[in-house]
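> Work out the full structure, taking the sequences as your base and the hints as a guide.
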Amino acid sequence: MTELAVPADQAATATETSMQQAVNAALRTLLAEDPATLVFGEDVGRLGGVFRVTDGLQAEFGDRRVFDTPLAESAIIGLAVGLAMNGWRPVPELQFDGFAYPAVDQIVNQMARMHYRTRGAAPMPITLRLPSFGGIQAPEHHGESLEALFAHVPGLKVCAPSDPADAYGLLLQSVRADDPVIYMEPKARYWNRRAVRLGEPDLPIGASRTVREGRHATLVAWGAMVHRCEQAAELAAEDGVELEVLDLRWLKPIDTDGLAASVARTGRAVVVHEAPLTAGLGAEVSALVTEHAFASLRAPVQRVTGFDVPYPAGPLEPQYLPTVDRILLAVQRTLEF
Amino acid sequence: MDQTLLDATGEPALRYTVGGAEPSREPPVLLVHGFGSDFELNWARAGWVGALRNSGRRLVGVDLPGHGGSPRPHDPERYTPKALAALLARVLDAVGAPEADVVGYSMGSRLSWQLAVDFPGRVRRAVLGGFGPVDAFEDTDLEGLERGADGGRFGAVFAAAAALPGADTAALAACARGQASQVYSPSPAPDGVPLLFVAGERDGIAEGVESLAAALPAAEVLRLPRRDHRNAVSAQAFKSAATEFLARGRGLSG
Amino acid sequence: MTHTGPTSERTFALPDLGEGLVEATVLEWLVQPGERVERNQPLVELETAKSAVEIPSPHTGVVARLHAEEGRVVAVGEPLATFAVEAGAGIVGTVPTEEKPTRRVRLRPPAE
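Chains as they are written, first to last, in UniProt numbering: chain A, 1 to 337; chain B, 1 to 254; chain C, 1 to 112.
Calculated directly from the structure, the hints in this document are not laboratory data.
One or more of the hints may lead you astray.
[Claimed, not checked] Some, not all, of what chain C presents toward chain B, calculated at C-beta under 7 Å:
hint, residue
1, E19
2, V22
3, E54
4, P58
5, G61
[To be verified] Facing chain A, according to a computed beta carbon distance under 8 Å, are these residues of chain C, among others:
hint, residue
6, S8
7, P42
8, G93
Bear in mind that the values here come from a model prediction, so they are computed numbers and not experimental data.
Idealized CB from N, CA, C, for every residue including glycine.
Laid out in structure tokens, this is it:
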């Protein structure tokens with residue numbers, strides 16, 4: 001038997017766990033609980049994934065349930081669609097965000113609307129695991145943020161965990177759901193270890209989580225930017241400014257109520273994401289705050305984002321990704337408005 | 001790098017490969033596999049390429065006729081110990097080695113012995129693995145090999161080799177008959193060639209190797225604990241004893 | 001410079017040995033748990049129906065666990081050993097460092 005650092009049966013106790021291990025543990029739980037669950041993609045089987053996320057799964061569950069595919073993203077998702085139509089519960093992986101583009105036709109034209117097209121006859125219980133976002137100084141196509149693209153497509157759910165516990169819980173929810181979910185794993189946080197309990201999800205699909213409470217402004221983020229916002233809030237506290245940090249977790253559907261409630265407490269909102277500014281998900285968050293918490297706002301919603309350029313080569317990442325200084329400057333603009 | 005040795009008529013006779021460490025002043029090590037095997041299965045997969053590279057030795061590995069990537073004639077005359085030893089000498093010519101150290105296993109040891117006897121001066125030192133003085137074919141029904149007749153001690157070896165994917169049963173049977181046509185004799189012995197015999201302590205084919213070595217002027221024996229004829233070849237003790245023995249170079253002293 | 005960065009575990013399963021072989025017997029482990037190994041260093045000797053093979057280590061790292069004792073028959077695909085290897089970012093990229101961020105911007109709290 002393969003041993004892993006985080007057996008699912010230790011879920012009740014807090015264990016030092018990385019996000020890699022948490023996703024691995026969730027996949028083990030899911031493969032064990034439902035024989036219809038299948039894990040496949042490029043290098044996920046024999047190699048155990050380029051990020052080690054599927055390490056040991058093929059040895060434990062066999063190569064009929066955990067298997068390697070050709071290097072053909074459109075075929076991977078097409079396979080998932082066909083399997084789902086025949087009663088399977090596929091969990092395909094596309095190795096890197098930028099390689100989801102070749103599969104967009106299958107994702108948008110088939111996976112997202114098959115349930116609708118068949119008037120409910122063909123549910124699509126597919127969870128597309130997509131290692132996402134930047135922060136590891138990788139080459140082109142390995143640092144993209146596609147959440148706005150997929151959130152825009154009717155029929156898809158989109159989520160992005162920010163820590164190991166949520167990575168575990170969100171993946172259980174995503175795979176158990178009968179709708180297609182884009183599950184975006186923040187690569188830059190794979191190696192971050194935290195003492196967490198891996199257990200059943202404690203929040204419903206679509207719920208956000210307040211990871212830090214504050215009264216002067218709300219920072220809204222997801223994925224790796226949650227950690228960046230926590231760092232900014234820590235520094236702001238040294239100056240006597242109390243920032244709330246809201247981890248959206250679900251990017252489709254967005255927790256409008258949670259968002260409005262937080263802004264109602266703080267009166268200011270700064271949304272932070274890695275994707276380019278124009279038509280990014282920050283615009284959606286800004287619109288929702290304006291529609292649902294307008295009366296509470298003391299300043300226009302600020303956006304701190306990547307730039308409207310292709311994601312840059314590794315050495316330029318620190319200039320592209322939102323920094324604590326850029327976040328604090330945006331906060332200052334809301335404070336001084 | 002794979003090379004092909006041609007016979008006198010220009011037809012391919014044998015495939016061999018050259019590897020290991022960079023060329024040096026030390027002679028290369030010629031590796032000769034056993035019956036039903038080939039260079040890849042007998043030596044490369046058992047870890048000998050890395051072991052020889054680490055000890056700084058160039059290696060020449062052959063696939064004997066009827067085996068591996070070499071041609072598979074069905075004529076027993078092509079497989080006599082003398083014929084195959086002559087082919088091995090031509091491999092040494094082809095790689096430009098006036099002399100070589102030789103490591104054989106099982107039938108490859110029989111051929112290494114023959115090479116040293118028939119071509120004085122070409123073999124500097126030899127390690128003979130899985131080998132003994134007993135006639136391996138004494139209880140074998142040589143005519144019944146292809147039919148799977150009860151072939152005694154060698155019959156089991158033949159059956160295992162014939163069962164491998166891609167095996168040419170007729171070529172293997174011809175090889176067995178060619179080998180059996182010239183019964184092994186400890187005399188004459190290679191002149192002035194230090195020998196190291198290595199065998200698993202459970203290797204019945206190596207039976208009597210101790211008395212064979214005792215009768216020779218410069219021979220040593222190493223028995224490998226808990227190993228048998230099939231699994232001795234990968235043993236680390238085999239590799240380290242062989243590389244240490246070959247590193248002693250010229251001369252009969254230990 | 002020593003690396004004390006994060007490690008991740010990699011499990012090595014019995015590879016396809018070719019020749020239609022579906023299993024092998026563990027003859028002898030050439031490493032022990034806790035031992036540091038280099039990639040391609042001899043890891044284990046196995047015996048198949050045809051021959052003995054020496055399997056090289058697929059990783060550089062520390063041997064965390066061995067999954068089969070000597071003498072046991074292991075099927076192709078079954079785990080042989082687990083390694084703790086220094087985390088690389090997979091085939092591309094680098095593992096980000098966990099540093100406290102520096103800043104230049106100072107905030108003025110709002111008047112209540």
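> Each of the hints needs a verdict: does it hold here or not?
Against the structure, the hints come out as follows:
At a threshold of 7 Å, the smallest CB-CB gap from C:E19 to chain B is about 6 Å, leaving the interface hint in force. The criterion of a C-beta within 7 Å of any C-beta in chain B is not met by C:V22, whose closest approach is roughly 13 Å, and the hint is violated. For C:E54, the shortest C-beta to C-beta distance to chain B is roughly 3 Å, which falls under 7 Å, so the interface hint holds. A hinted interface residue such as C:P58 counts as satisfied when its beta carbon comes closer than 7 Å to some beta carbon of chain B; here the least separation is about 14 Å, so the hint is violated.
The closest approach between the C-beta of C:G61 and any C-beta of chain B is roughly 19 Å, which is over the 7 Å cut-off, so the hint fails. Interface restraint check: C:S8 against chain A, minimum CB-CB distance 5 Å, threshold 8 Å, status holds. For the restraint placing C:P42 at the interface with chain A, the shortest Cβ-Cβ distance is roughly 21 Å, beyond the 8 Å limit, so the hint is violated. The beta carbon of C:G93 comes within 3 Å of a beta carbon in chain A, closer than 8 Å, and the hint placing it at the interface holds.
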